[in-house]
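Q: The listed protein sequences derive, respectively, from chains Z and S. Numbering follows my numbering, with no gaps: position 212 of the first sequence is 212. Numbering follows my numbering, with no gaps: position 237 of the second sequence is 237.
Misleading hints may appear alongside valid ones.
Unchecked claim - Cβ-to-Cβ under 7 Å is the rule here; a few derived chain Z residues that face chain S: (1) Asp31; (2) Arg215; (3) Val221; (4) Asn228; (5) Ala238; (6) Gly282; (7) Thr294; (8) Gly311; (9) Gly317; (10) Ser331; (11) Gly403; (12) Ser433.
These aren't lab readings, by the way, just hints derived from the structure by calculation. We put the beta carbon where it would ideally sit given N, CA and C, even for glycine.
2 protein chains.
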Amino acid sequence: MQAVQDYIDKNRERFLQELFDLLRIPSVSADLAYKSDVARCADSVADHLRKAGVDKVEVCETAGHPIVYGEKIVDPAAPTVLVYGHYDVQPADPIDLWETPAFEPAIRKTAIHPDGAIFARGACDDKGQMFSHVKAVEAMLATGQLPCNVKFMIEGEEECGSSNLASFVAGNRDRLKADVILISDTSIIANDTPSIDCGLRGLSYVEVEVTGPNRDLHSGVYGGAVANPITILAKMIASIHDENNHITIQGFYDDVQVLDSAERTELNKAPFDLEAYKKDLGIAAVWGEKGYTTLERTGIRPTFELNGIWGGYTGEGSKTVLPSKAFAKISMRLVPNQSSDTITRLFSEHFTRIAPQGVTVKVTPHHGGEPVVTPTNSRAYLAASRALEQTYGKKPIPTRGGGSIPIVALFERELGLKTVLMGFGLDSDALHSPNEHYGVFNYFQGIATIPWFYKYFAE
Amino acid sequence: MQAVQDYIDKNRERFLQELFDLLRIPSVSADLAYKSDVARCADSVADHLRKAGVDKVEVCETAGHPIVYGEKIVDPAAPTVLVYGHYDVQPADPIDLWETPAFEPAIRKTAIHPDGAIFARGACDDKGQMFSHVKAVEAMLATGQLPCNVKFMIEGEEECGSSNLASFVAGNRDRLKADVILISDTSIIANDTPSIDCGLRGLSYVEVEVTGPNRDLHSGVYGGAVANPITILAKMIASIHDENNHITIQGFYDDVQVLDSAERTELNKAPFDLEAYKKDLGIAAVWGEKGYTTLERTGIRPTFELNGIWGGYTGEGSKTVLPSKAFAKISMRLVPNQSSDTITRLFSEHFTRIAPQGVTVKVTPHHGGEPVVTPTNSRAYLAASRALEQTYGKKPIPTRGGGSIPIVALFERELGLKTVLMGFGLDSDALHSPNEHYGVFNYFQGIATIPWFYKYFAE
Numbered sequence: 001m002q003a004v005q006d007y008i009d010k011n012r013e014r015f016l017q018e019l020f021d022l023l024r025i026p027s028v029s030a031d032l033a034y035k036s037d038v039a040r041c042a043d044s045v046a047d048h049l050r051k052a053g054v055d056k057v058e059v060c061e062t063a064g065h066p067i068v069y070g071e072k073i074v075d076p077a078a079p080t081v082l083v084y085g086h087y088d089v090q091p092a093d094p095i096d097l098w099e100t101p102a103f104e105p106a107i108r109k110t111a112i113h114p115d116g117a118i119f120a121r122g123a124c125d126d127k128g129q130m131f132s133h134v135k136a137v138e139a140m141l142a143t144g145q146l147p148c149n150v151k152f153m154i155e156g157e158e159e160c161g162s163s164n165l166a167s168f169v170a171g172n173r174d175r176l177k178a179d180v181i182l183i184s185d186t187s188i189i190a191n192d193t194p195s196i197d198c199g200l201r202g203l204s205y206v207e208v209e210v211t212g213p214n215r216d217l218h219s220g221v222y223g224g225a226v227a228n229p230i231t232i233l234a235k236m237i238a239s240i241h242d243e244n245n246h247i248t249i250q251g252f253y254d255d256v257q258v259l260d261s262a263e264r265t266e267l268n269k270a271p272f273d274l275e276a277y278k279k280d281l282g283i284a285a286v287w288g289e290k291g292y293t294t295l296e297r298t299g300i301r302p303t304f305e306l307n308g309i310w311g312g313y314t315g316e317g318s319k320t321v322l323p324s325k326a327f328a329k330i331s332m333r334l335v336p337n338q339s340s341d342t343i344t345r346l347f348s349e350h351f352t353r354i355a356p357q358g359v360t361v362k363v364t365p366h367h368g369g370e371p372v373v374t375p376t377n378s379r380a381y382l383a384a385s386r387a388l389e390q391t392y393g394k395k396p397i398p399t400r401g402g403g404s405i406p407i408v409a410l411f412e413r414e415l416g417l418k419t420v421l422m423g424f425g426l427d428s429d430a431l432h433s434p435n436e437h438y439g440v441f442n443y444f445q446g447i448a449t450i451p452w453f454y455k456y457f458a459e
Numbered sequence: 001m002q003a004v005q006d007y008i009d010k011n012r013e014r015f016l017q018e019l020f021d022l023l024r025i026p027s028v029s030a031d032l033a034y035k036s037d038v039a040r041c042a043d044s045v046a047d048h049l050r051k052a053g054v055d056k057v058e059v060c061e062t063a064g065h066p067i068v069y070g071e072k073i074v075d076p077a078a079p080t081v082l083v084y085g086h087y088d089v090q091p092a093d094p095i096d097l098w099e100t101p102a103f104e105p106a107i108r109k110t111a112i113h114p115d116g117a118i119f120a121r122g123a124c125d126d127k128g129q130m131f132s133h134v135k136a137v138e139a140m141l142a143t144g145q146l147p148c149n150v151k152f153m154i155e156g157e158e159e160c161g162s163s164n165l166a167s168f169v170a171g172n173r174d175r176l177k178a179d180v181i182l183i184s185d186t187s188i189i190a191n192d193t194p195s196i197d198c199g200l201r202g203l204s205y206v207e208v209e210v211t212g213p214n215r216d217l218h219s220g221v222y223g224g225a226v227a228n229p230i231t232i233l234a235k236m237i238a239s240i241h242d243e244n245n246h247i248t249i250q251g252f253y254d255d256v257q258v259l260d261s262a263e264r265t266e267l268n269k270a271p272f273d274l275e276a277y278k279k280d281l282g283i284a285a286v287w288g289e290k291g292y293t294t295l296e297r298t299g300i301r302p303t304f305e306l307n308g309i310w311g312g313y314t315g316e317g318s319k320t321v322l323p324s325k326a327f328a329k330i331s332m333r334l335v336p337n338q339s340s341d342t343i344t345r346l347f348s349e350h351f352t353r354i355a356p357q358g359v360t361v362k363v364t365p366h367h368g369g370e371p372v373v374t375p376t377n378s379r380a381y382l383a384a385s386r387a388l389e390q391t392y393g394k395k396p397i398p399t400r401g402g403g404s405i406p407i408v409a410l411f412e413r414e415l416g417l418k419t420v421l422m423g424f425g426l427d428s429d430a431l432h433s434p435n436e437h438y439g440v441f442n443y444f445q446g447i448a449t450i451p452w453f454y455k456y457f458a459e
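With the sequences and hints as input, model every part of the structure.
A: Set out below in structure tokens:
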């Protein structure tokens, strides 16, 4: 293993520059204006896989953005690891809040990253983490130290719903045969506190449109006499959380798995400093469902979040308009055993039911995903745990993350495979936000840890 | 008077083309991107006044957009009419809803305007109505039939708060001396039902900003545990109207003049067809304060309207962000004896008070204006009433409009002058909306009626 680490150390600067090149491509999958950039990014990932020594590399076209596939079979008798990651990124908006441009990576030191962090959209989510696997496999192959077979499936639609992944997986069951799925797209608690995510929330993402009058009106002439769709939308949104911030959608909690008090006590043992949390976010108080801690609110409870709202005049100055329409983007995070389809249906029914006379409501589902809990006693989990212990010097804590990687449930269903979520980022890395970053330490810690996983998983 | 009408008839096509030229200038005062267009429009108005025979025409610079002044003194002993109007217009957004471009005037027939209407931003509000005065004065001067002195004060900031008009008026008290102020910037009930607006609502326009965390967050990682500023803004907005749509801002109604039942009965005698109103707006039900009719809700009651809202991701597709900030533009229409400053202060205090822990709130006042009621027994009102009766064949009904022309209260205070609101538009002319229009009939009816006002006012 020393040879692998030596190789990594020797190629450190190149590994950094190659990630920078990848980060310069604005592969924003949600916005079709970036379609050619997304395609260029897929080609670049394929190229890097080939150069790393991976075989049968293919940029697989889909109805949306392509999926990059590649494999290296070292021994048909050895176990096979299927690496999943994504090369697409979130939109960079609001772009004026970036200290350096979103697609011009720059290294700056921060309090949490004293050795420097790479600032760029996708640095952590997920280009940096995904690329750690490419570089780790390159290091293992270059030194003749790859003890398992490896397959790569790197998609380009994770940030917009992975719409075409299900059909790709269904159509490639043989090619994707493996013993475990390995994903680095989650976080550890802190750089001195490794952890492994064992639960992912599901997702129901919807867009709503509330229509009042059939045209924008003069708010002086009609105001006070015609339902204003912004006011009505606000009232409808406001009613979704009751005074305890419990979600009022009928049937919303019916399928929620309730943890017993022992499980909740265990979960709350994870290090968490409320004052540091509030200070980091600049807030005077946390918020959430009564009766639950912050770790529980993000880990084991479903949520209802507004991701965007717009309507009427939003330009400079003032315009006295009573608008015809108001819109919102809403996402609900789901926990076992909620189902994305059911929750989307319950929301649609509820939202339509509570709409008052004088407005009409349209609900458009965007995408969804199922919640999942991964086992902590599998061979793969134990291999990941030992690998992290090796490089961090501490046994990792199993945690429940708040995010969603909807394809984990899909893989389990379609391929019959369990997943290990061996992430290397930090929650504070501003994922989906301006100034997203990824610690240089974290990037290389990922590259160094992955070979240990292969070693222990092969044993 | 026949000579005046003959002159109007003879120059009909030119009067139309000149208005078209004025409408082609995108004089959007709220948006500084249009600053040079606004200036160009002022020059054009000045030019038209000069050509009409008006003296001492001057484009008076202000700290914002210029005010066009001009006067014609025919006899120092004759009464003087001060015409106020505005050449600036509302923004054209949302531009994609215009059937023909906002600044390329086009004539189309509609159900309400079988003789055709001029579609363009500002056609009715207020270029078309303001220009009727220029053309009426031209017709009277050309035929030697102007029986009063006339002064014009045409401003360019009515749609963004008339910020610099007060200092102009205060600095030009002598120049602006007159016996009455005449404004055409309101509506009649219908083309066969003339009316004169005798009340204008005041205005308090504010912008609010709600800040949650100090940066945009990943809604999966932080959702459910940190106050979402969109959700909180929605809850705050929702709480402003109670279950009877009564406004809950503390002290909001304290100064509202309550009409007695006789006055309310009189007000409700104005022709109003609820079914036609709903059908025109495409709504299943009207909305508003319990216990009041639609005419009362827009005429004698104050309102709280959302003019715009925005926050988070509003682009294509989805983004799972918990945003740092959410914003709204809000206007409150005021009735006698509410004061704009007081209501703005009461709102700011209330909105700050109801903000929960976990967010901070900033309220920025945009502009305001005082409500006003004009007398129905003055010489000027009676002259306007007779003028409309002359050209419409029916005595006009005194009404209470819902809109605001804040400068009416200003004129009363600074110049000691009462105003006559002799408007010629229709509420259905899509003021402030896409596809704003002004009936060709209404335009020429204005030009024909104004000379009768001068005649009767001089008698």
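Q: Indicate, hint by hint, whether the structure satisfies it.
A: A quick look at each hint next to the structure:
no. : hint   : in the structure
1   : Asp31  : 5 Å, holds
2   : Arg215 : 5 Å, holds
3   : Val221 : 5 Å, holds
4   : Asn228 : 5 Å, holds
5   : Ala238 : 4 Å, holds
6   : Gly282 : 3 Å, holds
7   : Thr294 : 5 Å, holds
8   : Gly311 : 5 Å, holds
9   : Gly317 : 3 Å, holds
10  : Ser331 : 5 Å, holds
11  : Gly403 : 3 Å, holds
12  : Ser433 : 4 Å, holds
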